[in-house]
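What follows is the residue order along each chain.
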Amino acid sequence: MTWLGGAILFWMAAWAVNSAVARSDFGKGRAGRLFVPLLFGVTVLVLWEGVVRGFGVQPVILPAPSLIGAKIAGSLDVLWADFVQTVLKGALSGFVMGVGAAFVVAIAIDRVPFLQRGLLPIGNFVAALPIVGLAPILVMWFGFDWQSKAAVVVVMVFFPVLVNLVAGLQASERMQRDLMATWGAGYWQTLLKLRLPAAMPFFFNGLKIASTLALIGAIVAEFFGSPIYGMGFRISTEVGRLGLDMVWATIAVAALAGSMLYGAITVIERWVTFWHPSQRH
Amino acid sequence: MKDTLTVGAPVIEAKGLNLTFQTGDGPVHALKDVNLTVNRGDFVSFIGPSGCGKTTFLRCVAALEHPTGGSLTVNGVSPDEARRKRAYGYVFQAAGLYPWRTIAGNIALPLEIMGFSKAEQAERIERVLDLVELKGFGKKFPWQLSGGMQQRASIARALAFDADILLMDEPFGALDEIVRDRLNEEVLKLWATTGKTIGFVTHSIPEAVYLSTKIVVMSPRPGRITDVIDSPLPKERPLDIRDSREFIEIAHRVREGLRAGHGDEV
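One line per chain: the protein sequences are Z and A, in this order.
If you use the numbering used here, the first sequence corresponds to residues 1 to 281, in order.
If you use the numbering used here, the second sequence corresponds to residues 1 to 266, in order.
The shape of chain A in the complex, shown without the other chains (with noise of 0.2 Å):
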């Protein structure tokens, strides 16, 4: 199945998206007007300040928001109906591990809930501990971990059950600098193993640059995409690429994009 879908066909299209929540100060423009192609294999970057929809995007890609209007489908259905297909694994700010479980149950915790058996998910926790270099923890319990760790493990939870689609919201946001790059790293080999689409919401510039194939630049009041870069950086990157001269460009354009988006508030 997974062969008869080509590298580089859309697989996340929002076509004149908005989404407004109604609040007790008047209605809040979440999205307003967001047109935007994800192709398979795609590393996207959300980048903008808070308030700019970007997690609200991501939420509703994953069918935890609902838009109120404009059209939005993921592999060429709704995000309802992809969810139920579980087309994708989600990563949150934080690790949310289920403090009852260890690392080894957490993991197990979707594949239970879509009924693999005891034997495969056995199987798939081995392979998915290795792929976040956790191997050899999966008996001990969240809170024996540190904060990388929990972050590791809850995105080989996400990965667990083999879902097209990874959808990161800020995952690494609450870590320190050095553990961030690793784990940046980390994402990126797993990116290129995998062959998965992924999402990422971040507020970090250079963490966007380095990551991405695409970088999305978002602004708030309302929440809107202000500029979609390509990114022409080749698909392996050492962290040292980041003083290259190609880099510093696209951050720098990411930086003005961002800044033109805050102009006309003002």
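Pulled out of the complex, with its shape left as it was, chain Z reads as follows (with noise of 0.2 Å):
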């Protein structure tokens, strides 16, 4: 009962340091913007960390999170293997050929209307289809290894990222084609220089779509075969060997490296679309 009461104690104390530091100037501060998310994630731990002991919860149900640090801090040379299989090989490279091949295909999409007929509800067909239906599929086409992963990859992030862009290359001013238009300006010299600026705020809110759908895509299709490492290799078996510890440090990396991803394309974006309103400060 004592680690239960602990936890709560402790939960108490955070939320009164939490809400004293939002309201003072240091809250208002970077540092103090970091502070105040980081004590709610401590605490959320702690929390955690109390109910799992004070009520005695089994490992298999729910680990403490000590539990899973240990396990984390015990198998690096494994997760880092599977980090690199699922996160590096399998989700990174197709997102980026996904994403690639969207941007073609927009481009193509906007410069021949007949494509965007064409092609737009055959990539709307493709996105409906199941990733449990085409995991297993593409896996048979592409091998166990990382390629069928990054297959899978690229048909879920090709079409969000595609949508987005398409829409996003309509969204100039008629008014500033017209001066495009004035000035004598080419397809492409409209393209560059004023349709692919605009439509970056919606570039990346594909992206970022995408960047989610890429991680999950690389993880379950290993559950269809795959070499003796990777994420979602590591999920699957380790399920059936009741390992859950092993099972949570994995979602731990997902989770971390799904953030980081996310992270990454916000700072980029920031940089890129700084003009935006929903950017300026």
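Just so you know, the hints here were simulated from the structure itself, not pulled from any lab data.
Keep in mind it's a predicted model, so treat the numbers as computed, not measured.
Hints are not guaranteed to be accurate.
Subject to a maximum C-alpha distance of 30 Å in a straight line, what follows is the list of computed DSS-like cross-link-like pairs (lysine-lysine) [what the hints assert, rightly or not]:
no.: 1; chain 1: A; residue 1: Lys214; chain 2: Z; residue 2: Lys193
no.: 2; chain 1: A; residue 1: Lys135; chain 2: Z; residue 2: Lys193
no.: 3; chain 1: A; residue 1: Lys139; chain 2: Z; residue 2: Lys193
no.: 4; chain 1: A; residue 1: Lys118; chain 2: Z; residue 2: Lys28
no.: 5; chain 1: Z; residue 1: Lys193; chain 2: A; residue 2: Lys140
no.: 6; chain 1: A; residue 1: Lys85; chain 2: Z; residue 2: Lys193
no.: 7; chain 1: A; residue 1: Lys214; chain 2: A; residue 2: Lys85
Both chains come to you apart, so use the hints to assemble them.
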């Protein structure tokens, strides 16, 4: 019971500290804005630890954070190999290829209106296919290694990026296109200097959606065949062996990787679309 | 090349110009039998209620719309060809600056498209910023400037590549009266120093009379010219010229023209 009581006490204290910090001048500064969510995260972990120990929850149902932490520390080499296989080789390469393909197709669609009527519905159709149906087929086609995972990711990220970019290319104002015409600008000049910059806020929306899809795709695809490493493989086999602490450790790595990818895109977005009303401060 | 063209030679010539838009509600006669000659160095205002075709006519001159009948030449060639030769700068109702470029970057944009060298771009940007009194604002972004300053920057952009003709479509329509007066004075000064031919769309009678050497009064349904007034006002125009007898007489004639245009539709 002391664990539970201690956790609740810590929670109350942290709450008081956080609300005080959020109202203070320190809370409005850069460090303060980092401190508040950080303390909140720590509080959640402490509360979790207290509840698990206090009620004696079985590790198979919910392991304590300390147990997960120990597992992570003890199996860094395995987790790193899984990370390289799934995130770097599967998700990231698929993400880059899928986004690149969407970019090229979006411009082709823009250039040839006929494609807009032909390709968009097909893209829509492919996007509607369930991933659990598509993944085994792609594993059959491209083999057990990361190539088939990248293929699944390509299929998953292609459509959201394509739709957003096609919409973004229509986002420039009529007057701005008229201006380009009065200066005698051609199609490519107008595309590069007006329509692509104007499309960037849309494009980055697509990228953010795609970044989470990429990780899901790469992990789920491993359920349908993989070498004996990879995050999806790890989750599916460790569940079978009741090694739930390892499953949680892998989930922690996946969450960290996903947040980092998303964060990196947000940073680039802020740099590219600094001019957009949503980014101005 | 410019010197061989004499002042007073026709730059815009419209003969029997017609433009019909096909819409869901049937054809709309945007311009009907428009005949007009604009000479080099003229300051021509187009005035009339909305739907009278004043903006449409300017867009035809800029080759942004294409007439369905009659003939229209700009500098003796078709509007399309004139556009390719970069014969005119166009200033729209809104400044239309690109938010991802600085003011200097915005002015550089047409110059980049037209292939000016970096050094010449910089030199021209300096010159036109000075001309519209925005010296020192080149590094600002458009959203950091007031509406009046943004519109001045868009005028600078239209001036940067030295087109002979400046087409302005209600450039100050969205600005308040005080800023408007000031910008009107500046436009006159600019016109005097550069000697450009200016086409200016407005629906303000004082603005039209104050600025123009020639006032074209138009009326709607179908869009047509009802009166062309050659202004007797001198080229030098202080703001208080608007209280003079001549000014009031011209304004009166414009108002009569607008009323006559409205009369025959009732």
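Now for the hints, and whether the structure bears them out:
no., hint, in the structure
1, A:Lys214 <-> Z:Lys193, "violated, 37 Å"
2, A:Lys135 <-> Z:Lys193, "holds, 25 Å"
3, A:Lys139 <-> Z:Lys193, "holds, 19 Å"
4, A:Lys118 <-> Z:Lys28, "violated, 43 Å"
5, Z:Lys193 <-> A:Lys140, "holds, 19 Å"
6, A:Lys85 <-> Z:Lys193, "holds, 20 Å"
7, A:Lys214 <-> A:Lys85, "holds, 26 Å"
Violated hints for the displayed structure, listed by number in ascending order: 1, 4.
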